[in-house]
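2 protein chains.
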Amino acid sequence: MMGKFLAKVVVTLKPSILDVQGRTVENSLKTIGFSQINNIRVGKYITFTVDANTIEEARKIADNATDTLLFNPNIETYNLEVVEMETGDRR
Amino acid sequence: MMGKFLAKVVVTLKPSILDVQGRTVENSLKTIGFSQINNIRVGKYITFTVDANTIEEARKIADNATDTLLFNPNIETYNLEVVEMETGDRR
Numbered sequence: 001m002m003g004k005f006l007a008k009v010v011v012t013l014k015p016s017i018l019d020v021q022g023r024t025v026e027n028s029l030k031t032i033g034f035s036q037i038n039n040i041r042v043g044k045y046i047t048f049t050v051d052a053n054t055i056e057e058a059r060k061i062a063d064n065a066t067d068t069l070l071f072n073p074n075i076e077t078y079n080l081e082v083v084e085m086e087t088g089d090r091r
Numbered sequence: 101m102m103g104k105f106l107a108k109v110v111v112t113l114k115p116s117i118l119d120v121q122g123r124t125v126e127n128s129l130k131t132i133g134f135s136q137i138n139n140i141r142v143g144k145y146i147t148f149t150v151d152a153n154t155i156e157e158a159r160k161i162a163d164n165a166t167d168t169l170l171f172n173p174n175i176e177t178y179n180l181e182v183v184e185m186e187t188g189d190r191r
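In order, the protein sequence lines correspond to chains Z and A. My numbering numbers the first residue of the first sequence as 1 and each following residue consecutively. My numbering numbers the first residue of the second sequence as 101 and each following residue consecutively.
Any given hint could be a false lead.
The calculated DSSO-like cross-link candidates involving lysine-lysine, where the alpha carbons are at most 30 angstroms apart (straight line), are [unchecked claim]:
hint : chain 1 : residue 1 : chain 2 : residue 2
1    : Z       : Lys4      : A       : Lys144
2    : Z       : Lys44     : A       : Lys104
3    : A       : Lys104    : A       : Lys144
4    : Z       : Lys14     : A       : Lys144
5    : A       : Lys144    : A       : Lys108
6    : Z       : Lys14     : A       : Lys114
7    : Z       : Lys44     : Z       : Lys30
8    : A       : Lys130    : Z       : Lys60
Short, incomplete list of chain A residues facing chain Z, as computed with Cβ under 10 angstroms [as the list claims (entries may be wrong)]:
hint : residue
9    : Leu106
10   : Val110
11   : Gln136
12   : Asn139
13   : Arg141
14   : Gly143
15   : Phe148
16   : Val150
17   : Ala162
18   : Ala165
19   : Leu170
None of these hints come from the bench; they were simulated from the model. The beta carbon of each residue, even a glycine, is placed where N, CA and C say it ideally should be.
Next comes chain Z alone, as it looks inside the complex (with noise of 0.2 angstroms):
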């Protein structure tokens, strides 16, 4: 039976990478007065859902989808997680 699962996708600069958002948004704190925060690295977030039969099936159809079109893999890695969503769940 057909199934609904949900991929969430966290993408992150490779650490070797200059995060310059996340510079700019450091150094913007910092004028206003947080001292006490560094190394900010910014990210994407990525939620999709997948029909598919199985959790393996999803995780795979999940896992091409973000090796395809969701991050750039000479400057990012990607942490995916596929969870089997509830019946009447939209998120």
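Chain A: place on chain Z using the hints.
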């Protein structure tokens, strides 16, 4: 004694807000054959370190910084997690 804490902030668009970036990615995925994928939402995943005496203090600082600069309360919501870092842990 001063400790180091890691804050992880997930910023997502409110469900009622149209996710233009997510819609664009979804259309692209469908074009190349991923018909099983729907409801793509693209948010931000922000991490930073906080110097503080206690985890409560670290959480307060992280909360303030997020409120001040990291999200737009009109269209976004956020979820904040703060954990104590191991000695020598850089992320």
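How the hints compare with the structure:
Between Lys4 (chain Z) and Lys144 (chain A) the alpha-carbon distance is near 24 angstroms, which keeps this suggested pair within the 30 angstroms criterion. Straight-line distance between C-alpha atoms of Lys44 (chain Z) and Lys104 (chain A) comes to about 24 angstroms, which keeps the hinted pair within the 30 angstroms bound. Note on Lys104 (chain A) and Lys144 (chain A): the hinted pairing holds, with a Cα-Cα distance of about 23 angstroms set against a maximum of 30 angstroms. A distance of roughly 16 angstroms separates the Cα atoms of Lys14 (chain Z) and Lys144 (chain A); the hinted pair therefore holds under the 30 angstroms criterion.
Between the alpha carbons of Lys144 (chain A) and Lys108 (chain A) the distance comes to roughly 10 angstroms, so the proposed pair stays at or under 30 angstroms and holds. At roughly 28 angstroms between alpha-carbon atoms, Lys14 (chain Z) and Lys114 (chain A) fall within 30 angstroms of each other, so this suggested pair holds. Taking the CA atoms of Lys44 (chain Z) and Lys30 (chain Z), the gap is near 23 angstroms; set against the 30 angstroms cutoff, the hint holds. Proposed proximity of Lys130 (chain A) and Lys60 (chain Z) is supported: the alpha carbons are some 16 angstroms apart, at most 30 angstroms.
A hinted interface residue such as Leu106 (chain A) counts as satisfied when its beta carbon comes closer than 10 angstroms to some beta carbon of chain Z; here the least separation is about 9 angstroms, so the hint holds. Contact between Val110 (chain A) and chain Z, as hinted, is supported at the beta carbon level, the nearest pair being about 5 angstroms apart and thus within 10 angstroms. The closest approach between the C-beta of Gln136 (chain A) and any C-beta of chain Z is roughly 4 angstroms, which is under the 10 angstroms cut-off, so the hint is satisfied. With a cut of 10 angstroms, the hint placing Asn139 (chain A) at the interface with chain Z holds, because the nearest CB-to-CB distance is about 5 angstroms.
For Arg141 (chain A), the interface hint holds, the least distance from its beta-carbon to any beta-carbon of chain Z being 5 angstroms, beneath 10 angstroms. For Gly143 (chain A), the shortest C-beta to C-beta distance to chain Z is roughly 4 angstroms, which falls under 10 angstroms, so the interface hint holds. Because the beta carbon of Phe148 (chain A) sits about 4 angstroms from the nearest beta carbon in chain Z, less than 10 angstroms, this interface hint is met. Proximity of Val150 (chain A) to chain Z holds as hinted, the smallest CB-CB distance being about 5 angstroms (cut-off 10 angstroms).
The beta carbon of Ala162 (chain A) is positioned within 10 angstroms of a beta carbon in chain Z (closest approach about 8 angstroms), and the interface hint is therefore held. Evaluation of the Ala165 (chain A) hint against chain Z yields a held restraint, the C-beta minimum of about 5 angstroms falling below 10 angstroms. For Leu170 (chain A), the suggested interface contact is upheld, since its CB lies about 7 angstroms from the closest CB of chain Z, less than 10 angstroms.
The structure shown violates none of the earlier numbered hints.
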